[in-house]
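S.K.: Sequence:
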Amino acid sequence: MSSPRFRIGYALSPKKERSFILPSLIDYAKLHGIDLVRIDPLLPLVHQLPFHCIIHKLYDPSWVQKLHDFTSQFPDVIIIDPPKLISRLLNRDSMLQVVNDVKIPKGVERIETPRQVVVNDLDIIIKDGLNAFRDLGLKYPVIAKPLESDGSAKSHQLSLVSNDNGLKGLNPPIVLQEFVNHGGVVFKVYVVGECVVCVTRKSLQDISAEEVEKLEAVSRFSQISNSGAQEDDEGNVEMPSLDFVMHVAAGLREATGLRLFNFDMIRDSNDLNRYLVIDINYLPGYAKMPNYEPFLTKFFLDIVHKPSDGVAFSSSNVNENVVMFC
Numbered sequence: 001m002s003s004p005r006f007r008i009g010y011a012l013s014p015k016k017e018r019s020f021i022l023p024s025l026i027d028y029a030k031l032h033g034i035d036l037v038r039i040d041p042l043l044p045l046v047h048q049l050p051f052h053c054i055i056h057k058l059y060d061p062s063w064v065q066k067l068h069d070f071t072s073q074f075p076d077v078i079i080i081d082p083p084k085l086i087s088r089l090l091n092r093d094s095m096l097q098v099v100n101d102v103k104i105p106k107g108v109e110r111i112e113t114p115r116q117v118v119v120n121d122l123d124i125i126i127k128d129g130l131n132a133f134r135d136l137g138l139k140y141p142v143i144a145k146p147l148e149s150d151g152s153a154k155s156h157q158l159s160l161v162s163n164d165n166g167l168k169g170l171n172p173p174i175v176l177q178e179f180v181n182h183g184g185v186v187f188k189v190y191v192v193g194e195c196v197v198c199v200t201r202k203s204l205q206d207i208s209a210e211e212v213e214k215l216e217a218v219s220r221f222s223q224i225s226n227s228g229a230q231e232d233d234e235g236n237v238e239m240p241s242l243d244f245v246m247h248v249a250a251g252l253r254e255a256t257g258l259r260l261f262n263f264d265m266i267r268d269s270n271d272l273n274r275y276l277v278i279d280i281n282y283l284p285g286y287a288k289m290p291n292y293e294p295f296l297t298k299f300f301l302d303i304v305h306k307p308s309d310g311v312a313f314s315s316s317n318v319n320e321n322v323v324m325f326c
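Heads up, the sequence shown is in full-length UniProt numbering, so the first residue is 1 and it goes up one at a time.
One should not assume that every hint holds.
Stated by the list, open to error - Straight line, CA to CA, 27 Å or less: simulated DSSO-like cross-link-like pairs of lysine-lysine:
(1) K202 <-> K16
(2) K66 <-> K84
(3) K214 <-> K57
(4) K15 <-> K288
(5) K154 <-> K16
(6) K298 <-> K57
(7) K298 <-> K16
(8) K15 <-> K202
(9) K288 <-> K202
(10) K84 <-> K57
(11) K16 <-> K30
(12) K139 <-> K57
(13) K103 <-> K306
(14) K57 <-> K15
(15) K66 <-> K306
(16) K139 <-> K154
(17) K214 <-> K16
(18) K66 <-> K15
(19) K154 <-> K288
(20) K214 <-> K202
(21) K57 <-> K106
(22) K84 <-> K154
(23) K168 <-> K103
(24) K57 <-> K154
(25) K84 <-> K298
(26) K288 <-> K16
(27) K288 <-> K30
(28) K106 <-> K154
(29) K306 <-> K30
(30) K106 <-> K84
(31) K57 <-> K30
(32) K154 <-> K103
(33) K84 <-> K15
(34) K15 <-> K298
Rather than coming from a laboratory, the hints here were simulated on the basis of the structure.
Model the full assembly from the supplied sequences, consistent with the hints where possible.
M.R.: If you want it as structure tokens, here you go:
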């Protein structure tokens with residue numbers, strides 16, 4: 001008797017499909033009874049059945065409505081994840097608010113978010129001397145990020161701003177976020193259902209008070225943590241404790257209700273027990289994660305065999321600067 005096979009439909013932009021649905025994932029999943037099937041978002045979903053599960057990362061209102069109508073007609077098909085839950089991560093203001101809902105056991109390490117202010121009108125802010133964000137305790141330098149975080153090239157146009165003049169060339173609406181010295185390393189934590197992987201990536205180096213005055217008014221950079229460049233000493237970075245990463249990942253999974261996301265976390269150079277979540281992304285670049293094919297395939301199998309909203313991380317493994325739970 002042949003083993004059952006499961007059809008996982010995916011609706012992604014061409015760029016996302018090229019970076020996520022790699023031949024290695026298709027082949028590995030197929031060996032384990034999972035068939036990954038491309039969905040044409042322009043055609044009715046009912047004409048493309050059957051599906052046991054649908055994963056997606058399209059934000060067009062017509063697609064969202066089409067998915068809503070399909071779910072009403074076929075409630076047994078699992079949707080990863082509901083558009084309403086994903087939408088909270090598409091705004092950098094509401095995105096980090098979910099961190100306030102994360103409950104972790106009291107211990108030495110703690111999780112926070114950086115101070116930030118939303119700017120919709122630069123003329124008003126510049127005229128008022130930036131009183132709005134100074135009242136929040138912000139000071140230069142700050143990171144300027146587009147308010148929208150929809151995965152587009154524009155949403156990744158980040159800037160380091162060192163004085164008032166640096167604001168003039170920015171395009172609101174934006175978020176001005178405090179820059180926290182963090183040793184030039186960001187911890188990128190991938191959550192795949194009930195599995196989590198934490199890796200290190202290069203980030204902006206620490207900036208002293210004296211160096212701020214020497215900086216350009218505005219320095220533009222794009223996803224520097226994803227550059228892949230490794231400093232000689234990056235392998236010696238002390239990883240966050242296993243329990244801490246586990247609790248933060250599980251807490252964010254519960255707070256967001258999402259099953260496929262990652263978050264960027266930094267450690268304050270002046271307080272090594274203070275960690276800050278600076279970004280959360282839905283359905284990120286999993287292909288950059290070590291051994292992503294087995295992780296995604298396990299996730300698909302878990303979903304079709306035991307769809308559950310429970311959070312249960314177990315087992316752990318540390319390999320240099322990689323921490324894994326599954």
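S.K.: Give a verdict on every hint.
M.R.: Structure-based check of each hint:
no., hint, in the structure
1, K202 <-> K16, "23 Å, holds"
2, K66 <-> K84, "14 Å, holds"
3, K214 <-> K57, "41 Å, violated"
4, K15 <-> K288, "15 Å, holds"
5, K154 <-> K16, "16 Å, holds"
6, K298 <-> K57, "20 Å, holds"
7, K298 <-> K16, "21 Å, holds"
8, K15 <-> K202, "24 Å, holds"
9, K288 <-> K202, "14 Å, holds"
10, K84 <-> K57, "12 Å, holds"
11, K16 <-> K30, "20 Å, holds"
12, K139 <-> K57, "36 Å, violated"
13, K103 <-> K306, "26 Å, holds"
14, K57 <-> K15, "11 Å, holds"
15, K66 <-> K306, "26 Å, holds"
16, K139 <-> K154, "25 Å, holds"
17, K214 <-> K16, "39 Å, violated"
18, K66 <-> K15, "21 Å, holds"
19, K154 <-> K288, "21 Å, holds"
20, K214 <-> K202, "22 Å, holds"
21, K57 <-> K106, "35 Å, violated"
22, K84 <-> K154, "22 Å, holds"
23, K168 <-> K103, "39 Å, violated"
24, K57 <-> K154, "17 Å, holds"
25, K84 <-> K298, "25 Å, holds"
26, K288 <-> K16, "13 Å, holds"
27, K288 <-> K30, "21 Å, holds"
28, K106 <-> K154, "39 Å, violated"
29, K306 <-> K30, "19 Å, holds"
30, K106 <-> K84, "31 Å, violated"
31, K57 <-> K30, "22 Å, holds"
32, K154 <-> K103, "33 Å, violated"
33, K84 <-> K15, "23 Å, holds"
34, K15 <-> K298, "24 Å, holds"
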